[in-house]
Every structure is written in structure tokens, then in C-alpha cells.
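Asker: Listed below, chain by chain, are the residues.
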Amino acid sequence: MDEIVAMFLQFNYSKGQIHHRFNALKSFLQAKLFNSNRNELEISLEDKKWLDSLNPKLISYFNPYNIDVELKVLEQKLHDIKPLTVFLSFQIPDNEVDNLGIYIRQNFKKDAVIEIKFDGNLIGGAALSWNGIYKDYSIHSLIAENEAKLIETFKNYLR
Amino acid sequence: MPTLSPIITISVLAAIFLVLFVYQYMENIRLRKRPDRLITDAQDKGYTLLSEAVKKAENIIAIAELQGLKIAASDKLSTKDARDKFTKALEDVTKQSMDSLSEFAATSQQNIIKSESDFKTYLDSLSKQASSSTAQAQQQIEQKVNSLFETFEQNLSSFLTESQSQSVKAIDLEMQAARQLIQTYKQQQFKLVDENIVAMLEQTLSLVLAKKMSLKEQMDLVYESLEKAKVDKFII
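Protein chains in written order, with this note's numbering: chain A, 8 to 166; chain Y, 88 to 323.
Please note that the accuracy of each hint is not assured.
Unchecked claim - For lysine to aspartate or glutamate, the following EDC-like pairs were computed, each having C-alpha atoms within a straight-line distance of at most 20 Å:
| id | chain 1 | residue 1 | chain 2 | residue 2 |
| --- | --- | --- | --- | --- |
| 1 | Y | LYS298 | A | ASP126 |
| 2 | A | LYS89 | A | ASP59 |
| 3 | Y | LYS303 | A | ASP105 |
| 4 | A | LYS116 | Y | GLU304 |
| 5 | A | LYS89 | A | ASP105 |
| 6 | Y | LYS303 | A | GLU103 |
| 7 | A | LYS124 | Y | GLU304 |
| 8 | A | LYS79 | A | ASP126 |
| 9 | A | LYS156 | Y | ASP281 |
| 10 | Y | LYS175 | Y | ASP186 |
| 11 | Y | LYS317 | A | GLU122 |
| 12 | A | LYS162 | Y | GLU289 |
| 13 | A | LYS124 | Y | ASP281 |
| 14 | Y | LYS315 | A | GLU10 |
| 15 | Y | LYS320 | A | ASP118 |
| 16 | A | LYS142 | Y | ASP281 |
| 17 | Y | LYS317 | A | ASP105 |
| 18 | A | LYS162 | Y | GLU282 |
| 19 | A | LYS142 | Y | ASP319 |
| 20 | Y | LYS298 | A | GLU103 |
| 21 | A | LYS56 | A | GLU103 |
| 22 | A | LYS22 | A | ASP126 |
| 23 | Y | LYS303 | A | ASP126 |
| 24 | Y | LYS299 | A | GLU103 |
| 25 | A | LYS116 | A | ASP126 |
For the record, the hints were derived by calculation from the structure and aren't laboratory data.
Looking at chain Y on its own, in the form it has when it is part of the complex (with noise of 0.2 Å):
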């Protein structure tokens, strides 16, 4: 758009004289309420600078108008050419771009097919991949299921025979040690009978002889005890 850039340059040019006007009358408010001589001076100079900037202005903006009118008519005929133009060159674009869009349709077309015949191949061969693989995988897992259930049948047998085994030592070893405490036992109570039967001897021979035995008995019991004081010669 070249033709629009002027409009716009004067535009932002009158627009710039205008702050700068605005600017100038509010820096003279501010100047106006000084007393001083100076501040008046520059009033007055400014009110001039105001003026002739105003005017400068306004001639601006009358050219910018006039630029801008010319312009605008050269615009609407240039506007026509370039409609007609881009009417051409679109019809041109337009029947291009049928073109070989058909071409590019035919062709697509074609590869679509030549891929879908490609696809039906590569998953025939995936199927008959899987199939195999899967056979395959199939076998391989009969033989681990085998293999295990073999190496869990030869751990089982060993560890039954195992505990067996340490079963029996066990028992053996309970019944070594209830034999040897009945033997203990055993022989406790034969030292206790031992040590017993002595005074048990002596117990019944006193109840037993005290009753059986007659006084020539008993006597003649002392007299031998009295031959064997004499043997002694326990009283001299």
C-alpha cells in the first residue's frame, strides 16, 4: 500500500504540530502566572511561536488534504487495473491449481493403492511372523513347564527323603536319650534299694527274730557273742 503512507506521514506530522501546540499554551499557563518581565517576554514570544505554528499548520494539513484527495482518486483507478488484474491472475492460479491438483489426486491415488497392496503383504507376513512366534513361544514354554515341574518333582523327592531322614535321627536320638535316662533312673533306684536293703535286713530280722526266736535261742546268740569277746580278749 504505497499510496497510503503520505496520508499518514502528513497525518503524524499535523498530529506532532498539535501536541507541540498544546504543549506551548500549557507551558505558557504555567509561564503566565509568573510576575516577572522575563515571563511576559516569553509569553509574547511564545503567542507568536503559537501563531505562526498554527498557521504552518494549517497550510500542512490544507496540503496533506489536497495530497490526500489526489491520492485517493489515483487510488480508485489504480484500484480497477489491480482488481482486474488479480481477477486474471486468480482465474490463472485458480485453473493451475485444478490442474495439478488432479495430477496430484491421480497420483495419490496410485501410491494409496500401491500402499494398501504393500500393507496387505507386510501383514500377511506379520501374521505368519506371530503364528510362528507364537508356536514357537508355545514349545519353548511346554519345555520350561516341563523342565520345571521335573526339577520340582526331583527337589520334592529329596527333601521328603531328607526329612526322613533327619526324622528318624531325631526319633533315634529321643529314644537313645529316654533309654539312657531310664537307665539312670534304673540304676538310681537300685543304689537306693542297695543302700536301703541293708537297714530293710535288719528291720525284718528284728521284727521277725524278736518273735520267732525262744529265750534259749537268744541266749545261746549272746554266748557266742561273749566266745567271741573271749577270743578278743576284749575285757583282760
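Isolated chain A (complex conformation) (with noise of 0.2 Å):
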């Protein structure tokens, strides 16, 4: 299963795309599995071309006995998946989930999966929070640091 779970998250970042993406997952291993047709299937050509792109091991994984058991464990262990929430101060296109998660899979866990958050109070840059730990890292952050200096200069503008 965890094969399975790795295989799903391959090309799948964040938890929104993750639950879309077993919807579609699920629906299309119905209709396969069942003998539907799969033109009815009501899914974007990006979910049509994830699923294209999917393992071939994955798909026959599942078969009419095994695919309510095993959907639901596939469900549960995504599920579990405890998310790197990231917070960012303007609405990201799906595009760059995408970008972001393959950086962050690149440069601090394999296969992370993160979830975004808006904040407006972060002006730019972004905040985490990962295992109930969080940290800021935004301009927000970098103001209140500065704080003392950002007033100092004021005060020498000012007077």
C-alpha cells in the first residue's frame, strides 16, 4: 500500500489536489473495473492526463474484489498524511502548487505534501507550520524584526 500511496503522490502536492485526484481515482477505477463507459466520465483533461500518466502498477492494484477495501485504506493513509501548511499572502495558481511542491519535495521532504493557507496580515514571502511548530518567514516578520530600525529612520526623516 504504501507503494501505492507513493505512486498516487507522485505527481500530486498539495491535500486539495489529492482529494480531487482520488475522486477522480476512484471514479475512474469504477468505470473501468465495472465496464462504464469512460467517455461519460465527467473529469478535466488535466485529471485525464494525471491519470494517463499514472503507474500502470497502480491501476491493476485494483480490481473488483479488492477496490472498495482498498480505496477506503488508500483514502485513510492520505488522510493521515500530515500536511507542511504553507501561508501566503495572495492566491497561488495551481501551476505553481505544483512548482512549489516539487521544490519542496526537492529540498526538505521526499514526499511531502503540503497545504496552503491565506493570510493577508504576511504582505509577501511565507509563513510555516509543520508538527503544530510555526514559523514565520514573511515580510510581516522581517518588519517586526526591524522594527526599532524601521522607527529610528522615520524619527530621523521626521524631525
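Grab the two chains, each in its own frame, and use the hints to assemble them into the complex.
Answerer: Have a look at this one:
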């Protein structure tokens, strides 16, 4: 199952993506295994591309007898993954989510899953939360660290 | 009036006897009311005494009348003598009095004239004294008034000087207090500005950067933050 999970996570980086892709996979597998018309499936072009890019081993793992159980297990495993929460000050597009996910997997954790949240106070940059620990690396924290210097600068300017 | 006194004496005696008589009569009347023999005897005695007293009184009155007539006659003679003597003496006395009165009048007139001249002299001296005193008093008053004015002027000038310095001091204090107030207010305002300037800056940046920064620039900032997290070894 871990291999399946790893295969599933290969091109899915965020919690939202995982949830969405899981549903797409579920619909696809049910249609495939129970001989439904694949053309009638309501999945997007991107999901189709992703499904086509999946490792065949993942698709063949499921059969009509184990699909329910295994999908439930897969779902549970995906649900239990602790995400790295990334707080941003703007709405990030999906392609950038992928780039961010790739960067994080390359630099932090191989199979990291990210969860994007919005925080307007950050102004720019990002804040991270992992295992209950929150750390602010945004412009907001930069201003807070240099508050005294900033005030001094303003004072000199005003005086 | 020594010739009148025997008449008075005799009259008095007669009056006394009359009174006794009346008293006895009354006593007899009172005693008559008692039916006792003693009272009757007493009454009889009383009547006897009363008749004797009446007789004696009549005798005395007769004698007194005779004496009175005698005295009156002698009085008439002595009165005439006395009148003549009195008239002569009166004339003497009158003459003496007139003489002494004219003497006294002459002396008095002289004294009056002398007193008048003395009084005039005295009045003159008084008048001189009064005028010199008036001049002195006027001079003193003038000096006093002058010194009063000088003192008043000095006091007034010192008071004005003091008032001026006090006013200046008070104004200075007020100015100092006002400056201090302004300074305090300025510091408070600057403090407020200092406290809020960072918030204002953040607000401005969040408004401006959200509109002005491109996606690439935003993502660059995000990757910078991730680089810092990597350096911090935030995710292990």
C-alpha cells in the first residue's frame, strides 16, 4: 500500500489536489472495473492527463474484489498524511502549487504534502507550520524584527 | 418785737385753758353715761373744776386785755420814735451809700478803662501769636504734604516695579508651562506615530505590493522564505 501511496503522490503535491485526484481515480477505477463508458466520466483534461500518466501498477492493483477496501485504505492513508502548511498572502494558481510542491519535495521532504492557506497579514513571502510549530518567514516578520530600526529611520526623517 | 410777745404768751395760755375746758367737758359727757356713783362724783368734781378754770381763764383774759392795751399804747409811742430814728438813720445810711457808691463808680470806671487797655494789648498779642502760629502751621502742613507726596511717589514706583517683575515672572512661568505642555504633547504624538507607523507601513505595503507585485515576484519572495526555512532546518 505504501508503494501505491507513493505512486499516487508522485504528481500530487497538495491536500486539495490529493482529495480531488483521489475522487477522479475512484471514478475512473469504478468505470474501468465495472465496464462503464469512460467517455461519460466527468473529469477534467488535467485529471485525464494525470490518470494517463499514472503508473500502470497502481491501476492494476485494484480489481473488482478489492476496490472498495483498498480505496478505503488508500483514502485513510492519504488522510493521515501530515501536511506542511504554507501560509501565503496571495491566491496561488495550481501550476505554481505544483512548482512549490516540487521545490519542497526536493529541498525538505521527499513525499511532503503541502496545504496552502491564505493570510493577508504576511504582505509577502510565506509562513510555515509543521508538526504544530509555526514559523514566519514573511515580510511581516521581517518588519517586526526591524521595527526599532524602521522607527529610528522614520524619526530621523521626520525630525 | 419784744412788746408783742406777752400778748402771744397770754393768748397761748388762754388757748390752753380753753382746750382743757373743752376736754374736761367732753370727759364729763363721757363720764355722765356711766350710771355709777363714782362717775357722778367725778362729774360733780369736774363741774367744780371747770367752773374754777373758767373763772381763772376769764381773769387771765381780762388781765391780758389790760396788758395788751397798755402795750399797744406804749407801742404807739415807741413806734413814732423808732420811725423818726429810722428815718434819720436811713437818710444817713443813704448818704453814706451814695458817697461810697460814687467812689466805687469812679474806681470801677478807672479799673474798666485799665482793663480795656490791658485787654486790647492782650488781644493784639494774641492776634500776633495767632498769625505766627498760622504761618508756622501752614509751613508745617506744606512740608508734611510734600513729604507725603514723596513717600507716595516712592511707594508707587516700587509697587509698580514689583508688580511688573511679578507679572513678568508669572508670564514666564505660564510660557514655560505651555512650552512643557507642547513638548509633552509632541512627544505623545510622536510616540503614537511611532507605535502606529509600523502598522501603517504594513498596511501600505500589503495594499501596494498586492497590486504592484507580479506573480513571479511574489513566488520569488515565497522561495526566499523557504530558503530561510531550509537554513533554519525547520522541517527535518
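Asker: Now tell me, hint by hint, if it's right for this structure.
Answerer: Going through the hints against the structure:
1. Y/LYS298 to A/ASP126: holds, 16 Å
2. A/LYS89 to A/ASP59: violated, 27 Å
3. Y/LYS303 to A/ASP105: Roughly 14 Å between the alpha carbons, so the hint for Y/LYS303 and A/ASP105 holds.
4. A/LYS116 to Y/GLU304: violated, 25 Å
5. A/LYS89 to A/ASP105: Holds, at roughly 18 Å.
6. Y/LYS303 to A/GLU103: Given pair Y/LYS303, A/GLU103 holds - Cα atoms ~10 Å apart, limit 20 Å.
7. A/LYS124 to Y/GLU304: Distance ~19 Å between A/LYS124 and Y/GLU304 Cα, so the pair holds.
8. A/LYS79 to A/ASP126: violated, 33 Å
9. A/LYS156 to Y/ASP281: Satisfied, since the Cα-Cα distance of roughly 11 Å is no more than 20 Å.
10. Y/LYS175 to Y/ASP186: The hint holds at about 17 Å.
11. Y/LYS317 to A/GLU122: holds, 18 Å
12. A/LYS162 to Y/GLU289: Since the Cα atoms of A/LYS162 and Y/GLU289 sit roughly 17 Å apart, the hinted pair holds (cutoff 20 Å).
13. A/LYS124 to Y/ASP281: Not OK: A/LYS124 and Y/ASP281 at ~31 Å, beyond 20 Å, violated.
14. Y/LYS315 to A/GLU10: violated, 32 Å
15. Y/LYS320 to A/ASP118: holds, 17 Å
16. A/LYS142 to Y/ASP281: violated, 26 Å
17. Y/LYS317 to A/ASP105: holds, 19 Å
18. A/LYS162 to Y/GLU282: OK: A/LYS162 and Y/GLU282 at ~12 Å, within 20 Å.
19. A/LYS142 to Y/ASP319: holds, 10 Å
20. Y/LYS298 to A/GLU103: Given that 20 Å is the threshold and the Cα spacing comes to 19 Å, the pair holds.
21. A/LYS56 to A/GLU103: Holds. A/LYS56 to A/GLU103 sits at ~18 Å (cutoff 20 Å).
22. A/LYS22 to A/ASP126: holds, 18 Å
23. Y/LYS303 to A/ASP126: holds, 19 Å
24. Y/LYS299 to A/GLU103: holds, 19 Å
25. A/LYS116 to A/ASP126: violated, 24 Å
Violated hints for the displayed structure, listed by number in ascending order: 2, 4, 8, 13, 14, 16 and 25.
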